[in-house]
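Going down the list, the protein sequences come from chains A and B.
According to the working numbering, the residues represented by the first sequence are 1 to 112, in order.
According to the working numbering, the residues represented by the second sequence are 113 to 228, in order.
Hint data in this document are derived by calculation from the structure and do not stem from the laboratory.
This structure is a prediction, so every number in the text was calculated from the model and none was measured.
Treat the hints with caution; some may be incorrect.
Said to hold, decoys possible - Derived lysine-lysine pairs resembling DSSO-like cross-links, with alpha carbons at most 27 Å apart: (1) B:Lys183 - B:Lys127; (2) A:Lys68 - B:Lys195; (3) A:Lys111 - A:Lys1; (4) B:Lys174 - A:Lys1; (5) B:Lys195 - B:Lys123; (6) B:Lys156 - B:Lys174; (7) B:Lys183 - B:Lys123; (8) B:Lys195 - A:Lys42; (9) B:Lys174 - B:Lys195; (10) B:Lys190 - B:Lys123; (11) A:Lys111 - A:Lys68; (12) B:Lys156 - B:Lys195; (13) B:Lys127 - A:Lys1; (14) A:Lys42 - B:Lys156; (15) B:Lys190 - B:Lys174; (16) B:Lys190 - A:Lys42; (17) A:Lys68 - B:Lys123; (18) A:Lys42 - B:Lys127; (19) B:Lys156 - B:Lys127; (20) B:Lys156 - B:Lys190; (21) B:Lys183 - B:Lys156; (22) B:Lys195 - B:Lys127; (23) B:Lys123 - B:Lys156; (24) B:Lys174 - B:Lys127.
What the hints assert, rightly or not - Negatives, chain B to chain A, calculated, CB over 12 Å: (25) Lys123; (26) Ile124; (27) Glu126; (28) Ser130; (29) Gln149; (30) Gly184; (31) Val185; (32) Lys190; (33) Lys195; (34) Glu197; (35) Asp198; (36) Ser199; (37) Ser207; (38) Arg209; (39) Glu216; (40) Leu228.
Here a beta-carbon is modelled for each residue, glycine too, at the ideal position from N, C-alpha and C.
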Amino acid sequence: KQEVTQIPAALSVPEGENLVLNCSFTDSAIYNLQWFRQDPGKGLTSLLLIQSSQREQTSGRLNASLDKSSGRSTLYIAASQPGDSATYLCAVSSSNTGKLIFGQGTTLQVKP
Amino acid sequence: EAGVAQSPRYKIIEKRQSVAFWCNPISGHATLYWYQQILGQGPKLLIQFQNNGVVDDSQLPKDRFSAERLKGVDSTLKIQPAKLEDSAVYLCASSLRGLAGNNEQFFGPGTRLTVL
Numbered sequence: 001k002q003e004v005t006q007i008p009a010a011l012s013v014p015e016g017e018n019l020v021l022n023c024s025f026t027d028s029a030i031y032n033l034q035w036f037r038q039d040p041g042k043g044l045t046s047l048l049l050i051q052s053s054q055r056e057q058t059s060g061r062l063n064a065s066l067d068k069s070s071g072r073s074t075l076y077i078a079a080s081q082p083g084d085s086a087t088y089l090c091a092v093s094s095s096n097t098g099k100l101i102f103g104q105g106t107t108l109q110v111k112p
Numbered sequence: 113e114a115g116v117a118q119s120p121r122y123k124i125i126e127k128r129q130s131v132a133f134w135c136n137p138i139s140g141h142a143t144l145y146w147y148q149q150i151l152g153q154g155p156k157l158l159i160q161f162q163n164n165g166v167v168d169d170s171q172l173p174k175d176r177f178s179a180e181r182l183k184g185v186d187s188t189l190k191i192q193p194a195k196l197e198d199s200a201v202y203l204c205a206s207s208l209r210g211l212a213g214n215n216e217q218f219f220g221p222g223t224r225l226t227v228l
């Protein structure tokens, strides 16, 4: 049974700092991994999707890496801004139905 | 391109009452998902439709929850009767095909349910 864990549960950093969010999964047989952002009271916004054959994806100040063999992914945020404050969720697809298994999320606060 | 639409945004009911949520996916998306997100947790899949057929409902409490997608477009999720532990955000998502490796999911704003 696939399980996804995100550490830390919460993180507070000063503005401008580079930071890394971690995601681990127990079953390395995945099709892809997706990172989402969730603002309070809102739905999920897709940030990056990494296919199982890829090692990383980049979008602006965000870079996500995937190491299937070790069951790990990281989301790197460069030059953090207060507007980056949100909960970040990672999810893996390890079923041919496309079903996503989510971690519990990391709540990020970027202080001005 | 319009996103995934959900209504209502908020609902407060007494336990043992019934409630229904509505979702309209992105136009042309074949796959529709309903997730339950309890406070402080990640979303958990309740049911997945491919067009108007059910692909996965293994985690749907079928004694009280039901869902349908009759014409393969919009969908309704119903809870009857509601319990206190059903208090959560109900998220609807859609993807173009939903097949492995081609299932980038797009989420609606969710419906926040409070059961008193």
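Mind listing which of the numbered hints don't hold for this structure, in increasing order? As far as the earlier hints go, 1, 2, 3, 11, 13, 17, 29, 37, 38, 39 are violated by this structure, in ascending order.
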